[in-house]
Amino acid sequence: MTKKLTGDNIFKVLAAVMAASAAVILIINAYILITGSTLILQQEGINFLIGKNWNPVIGRESFGVLPFVMGTLVTSSIALLIGVPLSLGIAIFLVEMAPKAVKVPISYLVELLAAVPSVIFGLWGLFILRFWVQNYVETPLNTYLGWFPLFSGTPLGLDFFTAGIILAIMIIPTVASVSREVLTAVPDSIREGAYSIGATKWEVIRHWVLSYGRSGIFGAVILGLGRAVGETMAVTMVIGNAPNAMPTSLFSPGQTLPSLIANGFLEAPTPLEKSAYIGAGLVLLLISLIINIVAHVMVTRVLKVKGGAVE
Amino acid sequence: MKTMYTVAAAIVAIVIIIGGVFAYTALQTPAATPTPTPSTNPTQTPTSSPSASPSVSPTSSAPVTLNGAGATFPQPFLNATIVHYTTNIKPSVQINYQGVGSGQGVSSFTSKTVDFACSDAPLTATQREAAPNALHIPETIGAITVAYNLPGVSSELKLTGEIIANIYLGTITNWNDPAIAAINSGVTLPDHAITTVHRSDNSGTTNWFTKYLCLVSSAWDNDVGSGTSVQWPGGLGAAGNANVAATISQTQYSVGYIELAYALQNGVPVAAIQNAAGNFVLPSLESTTAAAQSLPSSGLPSGSESWENVVLLNTSGEQAYPIVTPTYMLLYQELNVIPGMTLDKATQLVQYVWYVVHDGQALAPALEYASLPANLVALNEETLNSITFNGQHLTTH
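If you read the sequences in order, they're chains A and Z.
This note's numbering applies: residue 1 is where the first sequence begins, and numbers increase by one.
This note's numbering applies: residue 1 is where the second sequence begins, and numbers increase by one.
In case anyone wonders, no lab produced these hints; they're calculated from the structure.
It cannot be assumed that every hint is accurate.
Reference listing, derived: stretches of chain Z covered by chain A, where coverage requires no fewer than 3 residues with Cβ under 8 Å from a Cβ of chain A [said to hold, decoys possible]: (1) 15 to 22; (2) 98 to 105; (3) 354 to 364.
All C-beta atoms in this analysis are idealised placements derived from N, C-alpha and C, irrespective of residue type, glycine included.
Let the hints inform the model, and build the full structure from the sequences given.
Structure (structure tokens):
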């Protein structure tokens with residue numbers, strides 16, 4: 001039963017080591033976040049999760065991350081609401097309609113969008129997009145629909161809404177590229193069958209193609225959501241960084257968990273405050289984990305495609 | 001069987017990785033062998049001062065690298081002194097300064113990974129305990145301005161400390177508030193809501209600005225307090241002086257606090273603020289210097305004592321600007337506590353700091369920092385002369 005050290009075996013071991021490293025990194029990460037945040041969790045207890053006050057002034061300390069959790073969820077939701085329909089439109093057009101001469105350059109452009117560093121999106125958001133949003137979207141909405149709580153307040157262009165739009169643009173390449181791959185993988189026999197029973201193009205896409213690829217598309221959306229939840233630089237630059245701002249209006253400045261950490265962590269003067277930022281990182285990790293678990297359950301249980309056919 | 005081998009190999013790899021991480025942390029904790037840049041490596045080419053490398057004069061000792069980190073507030077001034085010193089005075093010395101912020105500077109200083117640090121705020125009692133025998137060396141003095149963006153208002157705006165506090169508290173919400181109008185007769189103030197801008201990161205500037213607001217407004221003192229970061233009642237936040245300046249200049253009807261140099265660079269108008277003598281004073285080199293003059297000639301702490309009570313806010317001078325702050329260099333009194341320190345390096349370090357507080361001060365006014373008054377220079381001389389390496393006093397100049 002001696003084992004020969006063949007190339008294949010060495011390769012297998014190497015690959016296994018690489019695979020294991022992903023798990024190890026996650027475990028080390030979680031370990032450091034948990035040990036780093038014990039101080040704040042002992043001090044604040046459950047208040048850390050549900051408290052609305054973040055006050056680092058020495059002698060008046062109170063650390064609650066709820067406003068930032070809400071900020072993260074609000075901006076990510078706006079990003080999905082705007083970004084997913086756009087991305088799906090891009091993917092459907094590229095796979096089902098575009099002639100080859102258009103298909104290739106547009107695919108490249110969409111993927112190039114993913115290569116733009118987030119700080120560039122942030123700068124563009126801060127110096128250009130902000131004023132478009134403020135002058136052409138927020139001010140009219142605020143003037144005519146200001147009675148509606150979502151559109152109340154003073155539109156400054158540095159708020160949840162602008163941050164959501166920036167995030168929407170940033171998730172488009174991810175969602176569009178993955179959706180395109182998913183739609184390309186839908187067998188042509190499905191389309192041919194559908195056309196043969198007299199379906200229109202819209203019906204084929206709506207009832208057969210999208211239905212066939214929906215678990216893949218859902219996966220693409222979750223990838224996009226993951227990016228939106230964790231995006232730091234661009235959001236920090238356009239969200240207005242108001243402390244303790246529970247999102248009351250789309251047009252109010254606020255913060256997300258990543259922007260909170262980016263702003264404060266480096267120079268946190270006391271161990272308690274430092275621990276509070278690490279705790280915020282732990283909450284962010286938990287949110288990502290929950291999103292991924294829910295996504296996994298959705299994909300495997302709810303959206304299961306049976307035998308490649310439409311239900 | 002194959003899977004058994006694979007799993008075994010993966011486990012071994014994980015153990016090696018984790019072991020490596022812990023071994024690394026274990027080596028780090030005694031602070032005995034950190035891995036800063038090699039201090040006496042002639043092949044290392046200086047990045048900031050190209051003239052330093054090849055043309056080392058034969059008489060001078062081997063090249064020495066001094067590393068510092070900390071506040072961004074004095075960074076323009078420090079950079080100027082470094083360039084001048086390493087080009088014209090000591091080409092054999094290379095000095096690196098990283099503007100990472102006061103807080104990070106103090107923690108690098110405490111963990112002894114830098115040779116010197118800079119901080120806007122003096123060390124607190126707890127910080128002094130963590131870094132025994134730390135010395136404060138006031139290096140320069142600057143002003144914090146209240147800058148504003150008021151379209152259609154070209155004349156200069158006057159504000160009092162209490163009005164500024166009330167604006168930030170949210171009790172004054174409109175530019176044409178009677179309190180503002182009363183001291184700005186002749187200025188047509190717009191009927192528009194005020195947007196406040198503050199620092200979103202931990203900042204020495206915020207620390208001094210909120211300390212000033214505590215001095216002039218009991219409401220601010222009760223409701224908010226002071227610190228490097230506070231619970232702002234509202235408004236927009238931006239990270240760093242430069243971003244606050246940009247936010248003010250881009251946001252109509254906004255007001256915010258920034259250091260003088262940043263206000264001048266960005267061309268944002270700044271308010272004249274009422275000082276303790278009742279005069280409205282614009283921030284300038286002169287009014288900053290006037291505030292610095294009011295430091296008591298005696299009774300200042302020595303370099304090794306606490307500087308927490310040395311405050312240049314709301315000083316009594318007739319023409320003194322009310323929001324003025326000193327900024328400090330931090331050094332250890334016995335330099336052998338820093339790993340890799342040699343007698344030569346310690347001497348070079350002390351001589352550089354000696355230069356900063358003497359001839360280097362000539363570079364400050366051009367950058368809108370006030371030169372140190374004579375009593376502080378004398379105090380710094382005493383402090384620098386007290387520095388030792390292995391108990392041996394150093395040639396300071």
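Hints, verified against the model:
no.: 1; hint: 15 to 22; result: holds (count 3)
no.: 2; hint: 98 to 105; result: holds (count 5)
no.: 3; hint: 354 to 364; result: violated (count 0)
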